[in-house]
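Fit chain F to the known structure of chain H by using the hints.
Protein chains: 2
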Amino acid sequence: MALIVQKYGGTSVGSIERIMHVARKVKSFRDQGHDLVVVLSAMSGETNRLIDLAKQVQSSPDARELDVLLSTGEQQTIALLVMALKQIGVDARSYTGPQVRILTDSSFNKARILSIEESRMRKDLDEGRVVVAAGFQGVDENGNTTTLGRGGSDTTAVALAATLKADECQIYTDVDGVYTTDPRVVPEARRLNRITFEEMLELASLGSKVLQIRAVEFAGKYNVPLRVLSSFKDGEGTLITYEEDGMEEPLISGIAFQRDEAKLTILGVPDEPGVAYRILGPIGDANIEVDMIVQNVGADDTTDFTFTVNRNDYEKALKILQSTAEELGARDVNGDVKIVKISVVGVGMRSHAGIAATMFKALADERINIRMISTSEIKTSVVVDEKYLELAVRTLHSAFKLEQELTQA
Amino acid sequence: MALIVQKYGGTSVGSIERIMHVARKVKSFRDQGHDLVVVLSAMSGETNRLIDLAKQVQSSPDARELDVLLSTGEQQTIALLVMALKQIGVDARSYTGPQVRILTDSSFNKARILSIEESRMRKDLDEGRVVVAAGFQGVDENGNTTTLGRGGSDTTAVALAATLKADECQIYTDVDGVYTTDPRVVPEARRLNRITFEEMLELASLGSKVLQIRAVEFAGKYNVPLRVLSSFKDGEGTLITYEEDGMEEPLISGIAFQRDEAKLTILGVPDEPGVAYRILGPIGDANIEVDMIVQNVGADDTTDFTFTVNRNDYEKALKILQSTAEELGARDVNGDVKIVKISVVGVGMRSHAGIAATMFKALADERINIRMISTSEIKTSVVVDEKYLELAVRTLHSAFKLEQELTQA
Numbered sequence: 001m002a003l004i005v006q007k008y009g010g011t012s013v014g015s016i017e018r019i020m021h022v023a024r025k026v027k028s029f030r031d032q033g034h035d036l037v038v039v040l041s042a043m044s045g046e047t048n049r050l051i052d053l054a055k056q057v058q059s060s061p062d063a064r065e066l067d068v069l070l071s072t073g074e075q076q077t078i079a080l081l082v083m084a085l086k087q088i089g090v091d092a093r094s095y096t097g098p099q100v101r102i103l104t105d106s107s108f109n110k111a112r113i114l115s116i117e118e119s120r121m122r123k124d125l126d127e128g129r130v131v132v133a134a135g136f137q138g139v140d141e142n143g144n145t146t147t148l149g150r151g152g153s154d155t156t157a158v159a160l161a162a163t164l165k166a167d168e169c170q171i172y173t174d175v176d177g178v179y180t181t182d183p184r185v186v187p188e189a190r191r192l193n194r195i196t197f198e199e200m201l202e203l204a205s206l207g208s209k210v211l212q213i214r215a216v217e218f219a220g221k222y223n224v225p226l227r228v229l230s231s232f233k234d235g236e237g238t239l240i241t242y243e244e245d246g247m248e249e250p251l252i253s254g255i256a257f258q259r260d261e262a263k264l265t266i267l268g269v270p271d272e273p274g275v276a277y278r279i280l281g282p283i284g285d286a287n288i289e290v291d292m293i294v295q296n297v298g299a300d301d302t303t304d305f306t307f308t309v310n311r312n313d314y315e316k317a318l319k320i321l322q323s324t325a326e327e328l329g330a331r332d333v334n335g336d337v338k339i340v341k342i343s344v345v346g347v348g349m350r351s352h353a354g355i356a357a358t359m360f361k362a363l364a365d366e367r368i369n370i371r372m373i374s375t376s377e378i379k380t381s382v383v384v385d386e387k388y389l390e391l392a393v394r395t396l397h398s399a400f401k402l403e404q405e406l407t408q409a
Numbered sequence: 410m411a412l413i414v415q416k417y418g419g420t421s422v423g424s425i426e427r428i429m430h431v432a433r434k435v436k437s438f439r440d441q442g443h444d445l446v447v448v449l450s451a452m453s454g455e456t457n458r459l460i461d462l463a464k465q466v467q468s469s470p471d472a473r474e475l476d477v478l479l480s481t482g483e484q485q486t487i488a489l490l491v492m493a494l495k496q497i498g499v500d501a502r503s504y505t506g507p508q509v510r511i512l513t514d515s516s517f518n519k520a521r522i523l524s525i526e527e528s529r530m531r532k533d534l535d536e537g538r539v540v541v542a543a544g545f546q547g548v549d550e551n552g553n554t555t556t557l558g559r560g561g562s563d564t565t566a567v568a569l570a571a572t573l574k575a576d577e578c579q580i581y582t583d584v585d586g587v588y589t590t591d592p593r594v595v596p597e598a599r600r601l602n603r604i605t606f607e608e609m610l611e612l613a614s615l616g617s618k619v620l621q622i623r624a625v626e627f628a629g630k631y632n633v634p635l636r637v638l639s640s641f642k643d644g645e646g647t648l649i650t651y652e653e654d655g656m657e658e659p660l661i662s663g664i665a666f667q668r669d670e671a672k673l674t675i676l677g678v679p680d681e682p683g684v685a686y687r688i689l690g691p692i693g694d695a696n697i698e699v700d701m702i703v704q705n706v707g708a709d710d711t712t713d714f715t716f717t718v719n720r721n722d723y724e725k726a727l728k729i730l731q732s733t734a735e736e737l738g739a740r741d742v743n744g745d746v747k748i749v750k751i752s753v754v755g756v757g758m759r760s761h762a763g764i765a766a767t768m769f770k771a772l773a774d775e776r777i778n779i780r781m782i783s784t785s786e787i788k789t790s791v792v793v794d795e796k797y798l799e800l801a802v803r804t805l806h807s808a809f810k811l812e813q814e815l816t817q818a
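Read top to bottom, the protein sequences are chains H and F.
Going letter by letter, the first sequence gives residues 1 to 409 in this note's numbering.
Going letter by letter, the second sequence gives residues 410 to 818 in this note's numbering.
Each hint should be verified, as a subset may be incorrect.
Simulated pairs of lysine to any residue, SDA-like, Cα-Cα distance not exceeding 20 Å [as the list claims (entries may be wrong)]:
#: 1; chain 1: F; residue 1: K532; chain 2: H; residue 2: S106
#: 2; chain 1: H; residue 1: K55; chain 2: F; residue 2: E426
#: 3; chain 1: H; residue 1: K123; chain 2: F; residue 2: G552
#: 4; chain 1: F; residue 1: K434; chain 2: H; residue 2: Q58
#: 5; chain 1: F; residue 1: K464; chain 2: H; residue 2: K123
#: 6; chain 1: F; residue 1: K464; chain 2: H; residue 2: R30
#: 7; chain 1: H; residue 1: K55; chain 2: F; residue 2: R427
#: 8; chain 1: F; residue 1: K464; chain 2: H; residue 2: N144
#: 9; chain 1: H; residue 1: K55; chain 2: F; residue 2: K725
#: 10; chain 1: H; residue 1: K55; chain 2: F; residue 2: G423
#: 11; chain 1: H; residue 1: K110; chain 2: H; residue 2: V90
#: 12; chain 1: F; residue 1: K725; chain 2: F; residue 2: D700
#: 13; chain 1: F; residue 1: K436; chain 2: H; residue 2: Q58
#: 14; chain 1: F; residue 1: K747; chain 2: F; residue 2: E735
#: 15; chain 1: H; residue 1: K55; chain 2: F; residue 2: G498
#: 16; chain 1: F; residue 1: K642; chain 2: F; residue 2: Q441
#: 17; chain 1: F; residue 1: K434; chain 2: F; residue 2: E550
#: 18; chain 1: F; residue 1: K519; chain 2: F; residue 2: R458
#: 19; chain 1: H; residue 1: K27; chain 2: F; residue 2: E735
#: 20; chain 1: H; residue 1: K55; chain 2: F; residue 2: Q465
#: 21; chain 1: H; residue 1: K25; chain 2: F; residue 2: Q465
#: 22; chain 1: F; residue 1: K532; chain 2: H; residue 2: N312
#: 23; chain 1: H; residue 1: K27; chain 2: F; residue 2: S468
#: 24; chain 1: H; residue 1: K233; chain 2: H; residue 2: P183
#: 25; chain 1: H; residue 1: K25; chain 2: F; residue 2: Q467
#: 26; chain 1: F; residue 1: K464; chain 2: H; residue 2: R24
#: 27; chain 1: F; residue 1: K464; chain 2: H; residue 2: N142
#: 28; chain 1: F; residue 1: K532; chain 2: H; residue 2: D91
#: 29; chain 1: H; residue 1: K123; chain 2: F; residue 2: G423
#: 30; chain 1: F; residue 1: K464; chain 2: H; residue 2: I16
#: 31; chain 1: H; residue 1: K27; chain 2: F; residue 2: Q465
#: 32; chain 1: H; residue 1: K361; chain 2: H; residue 2: I378
#: 33; chain 1: H; residue 1: K55; chain 2: F; residue 2: R433
#: 34; chain 1: H; residue 1: K123; chain 2: F; residue 2: Q467
#: 35; chain 1: F; residue 1: K464; chain 2: H; residue 2: K55
#: 36; chain 1: F; residue 1: K464; chain 2: H; residue 2: K110
#: 37; chain 1: F; residue 1: K532; chain 2: H; residue 2: N144
#: 38; chain 1: H; residue 1: K55; chain 2: F; residue 2: E550
#: 39; chain 1: F; residue 1: K532; chain 2: H; residue 2: E141
Source of the hints: derived by calculation from the structure; they are not laboratory data.
Bound conformation, chain H alone (with noise of 0.2 Å):
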């Protein structure tokens, strides 16, 4: 006798027979005597046709009336869904994000959630009413439609489940998980069953696409657990809370890695104060998004400075910094764009030492040379050459034992 909210993306409502099925899923947990929330992304295709046709009259659609037009694609199936529910049985009711009131920001397309409107939904679960919500959209104050961007039902579920205080927030996908790692580079990859919020942002981030980031943040904020499971397999998928005292966690939780970064490199720039700046503030100024930094002292009173950007950005980025290298009077500029980033993340790392180590000495014993390595709290990251990728998140898979089911310090 739980309050679930329960998110089906597009894929998952993407034809007349899929949102049958969710409509049997969720009469099934209705059986089990749940409360349920359920919250429906537009049918997969239907917002890249919308944009489609508005690129088609605006070359650069307004913001404003691009909102609208999106927006239609969840009340679409919120009400096929809610038809298919009552055609077996189950009283439930459709909200348009306007209709619950979820008040965002004027940030049309990307839309920041402001409040959200208990009340209504509140009554048609008191009533015995399944609640269904459009994704994705709400309302700003002056009654304009806003949508919340990309991915942006993920963060309806997580927001609706932290006002409503649900049990549990269950994100419905294609996948039945979250991985130790992406099994098409490693077969012996396994689903997790659980992992924190942190660990999941640090491996959203670096690319194991499954959530939206904004979500689990959200979720980690309002402590709203967070389950993602297939809507097409059954199983328990993989659960997202806080770490527990005394639960026995895996040192390292997963492995993740990024195929589209760029190394850049300046050598020989004055180190003294302020140069960082000077090196990076352009960058910025360019639009430019950097990830890893690493500056190494040189042998003279120089120092080499070194980050990395998306590979789309590294033309520009590398002009940008040949002119920033005669400003300084630097040696040299230097980059590569056959490199790849891979990261081990487990909240593990904060109370035990040696994971640095363990992931070194792996590398090194496949004569895998690491070209850059930053480390945080919970993560720790190398750069290596692009070739190596398979066999290093292979070795590191295997060097940490994550085809077990628990890896012990």
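Showing chain F alone in chain H's frame:
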């Protein structure tokens, strides 16, 4: 420098190209200095596509949810038109029915407008924006989305025009105005420059399906000058207004006909009070709509009673009538499905005698037998055998000289 409400139907916004065509049309009015409120339908075919989806999910789609689903159609076209307008430099803003706040009752699928909030639209107009509003939809006092039923966009346009005290409400369709009769039957049929609300109501209800009856009633009630024009062809269209004193009015405005009627007669029923109710009561109880009703006193103390129904209801009505005949001790019951109704309509009838005589003589000259006659203040209808339809309509069109610009008494 007028305030004009324009409504474009589904065919007029049926593709991206057509939406851009509408945008250019709107711009040309804007360039003339007019203030504009544009009301749109969904793209042609979209509403049917959505209804079809709904029926795949629920055999008899839930009325509330169907409105949530259907209202997405216009929401898409209004956003796209605003983008198209902005693309050509015309400032505009879209409003859904709930956003305008077109308050309706809660009769989903066939809601009636209760009130319209003027302030947001007025502010946009004052600031030089074109207001683009979704037709067909509104919101009830509980915040539920409602729709006005098929063709409801015409009603929205007229209601907005009434609220804003617009100088004219222009309905753009795929015909270029109201004709004296169906040009497919009478090639000489002429577009009317003007017609009164009452004539339009009689013509519309009799089968000239240019405008929604409710919209015409609404326009008449609030005295909104209504103009029907083509969105594809330039021209003045047909202006629908009140009769103005001193104007040269045509005697007859048009000839309507209806092919899908059937006629039923009960013969030799006792001529006593309450008999009409005893005959038509059971017909109405069976949800069969009765059109013309004629009662003749017979030779003895009995009477013959004839009425017409939609041809689809003929079998059902005949069965009911047969059982009524037994109860009443009537002599016989007969019927005919091969009949048509032809009506001449004109406010001139009010003040001019002899219209009916001219009509009957013209038909007699062609040896067309009249099976039934019914008259109202501005309309005379006859029922004739189906095979005479074309001949009868052409004969009357020519008898009343409708091919000429003005028919004087």
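Hints and how they fare:
1. K532/F - S106/H: Answer holds: K532/F to S106/H is near 19 Å, not above 20 Å.
2. K55/H - E426/F: 13 Å, holds
3. K123/H - G552/F: Holds - the C-alpha atoms of G552/F and K123/H are around 14 Å apart, at most 20 Å.
4. K434/F - Q58/H: 17 Å, holds
5. K464/F - K123/H: 28 Å, violated
6. K464/F - R30/H: Distance ~24 Å between K464/F and R30/H Cα, so the pair is violated.
7. K55/H - R427/F: 15 Å, holds
8. K464/F - N144/H: 31 Å, violated
9. K55/H - K725/F: Since the Cα atoms of K55/H and K725/F sit roughly 54 Å apart, the hinted pair is violated (cutoff 20 Å).
10. K55/H - G423/F: 17 Å, holds
11. K110/H - V90/H: Given pair K110/H, V90/H is violated - Cα atoms ~34 Å apart, limit 20 Å.
12. K725/F - D700/F: The hint holds at about 15 Å.
13. K436/F - Q58/H: At roughly 15 Å apart (the allowed maximum being 20 Å), Q58/H and K436/F satisfy the hint.
14. K747/F - E735/F: 25 Å, violated
15. K55/H - G498/F: 16 Å, holds
16. K642/F - Q441/F: Holds. K642/F to Q441/F sits at ~19 Å (cutoff 20 Å).
17. K434/F - E550/F: Violated. K434/F to E550/F sits at ~36 Å, over the 20 Å cutoff.
18. K519/F - R458/F: Holds, at about 19 Å.
19. K27/H - E735/F: The given pair, whose Cα atoms are some 53 Å apart, is violated under the 20 Å limit.
20. K55/H - Q465/F: 31 Å, violated
21. K25/H - Q465/F: Cα-Cα ~18 Å, so holds.
22. K532/F - N312/H: 45 Å, violated
23. K27/H - S468/F: It holds: about 18 Å lies between the C-alpha atoms, which stays within 20 Å.
24. K233/H - P183/H: Holds, because 17 Å separates the two Cα atoms, which is no more than 20 Å.
25. K25/H - Q467/F: Roughly 17 Å between the alpha carbons, so the hint for K25/H and Q467/F holds.
26. K464/F - R24/H: Distance ~17 Å between K464/F and R24/H Cα, so the pair holds.
27. K464/F - N142/H: Violated, because 36 Å separates the two Cα atoms, which is more than 20 Å.
28. K532/F - D91/H: Measuring from Cα to Cα gives roughly 41 Å; hence the hint is violated.
29. K123/H - G423/F: Violated: K123/H and G423/F sit about 40 Å apart, past 20 Å.
30. K464/F - I16/H: 10 Å, holds
31. K27/H - Q465/F: 19 Å, holds
32. K361/H - I378/H: 19 Å, holds
33. K55/H - R433/F: Given pair K55/H, R433/F holds - Cα atoms ~17 Å apart, limit 20 Å.
34. K123/H - Q467/F: 25 Å, violated
35. K464/F - K55/H: 32 Å, violated
36. K464/F - K110/H: Not OK: K464/F and K110/H at ~34 Å, beyond 20 Å, violated.
37. K532/F - N144/H: 15 Å, holds
38. K55/H - E550/F: 36 Å, violated
39. K532/F - E141/H: 17 Å, holds
Consistency note: the structure conflicts with the earlier hints numbered 5, 6, 8, 9, 11, 14, 17, 19, 20, 22, 27, 28, 29, 34, 35, 36, 38.
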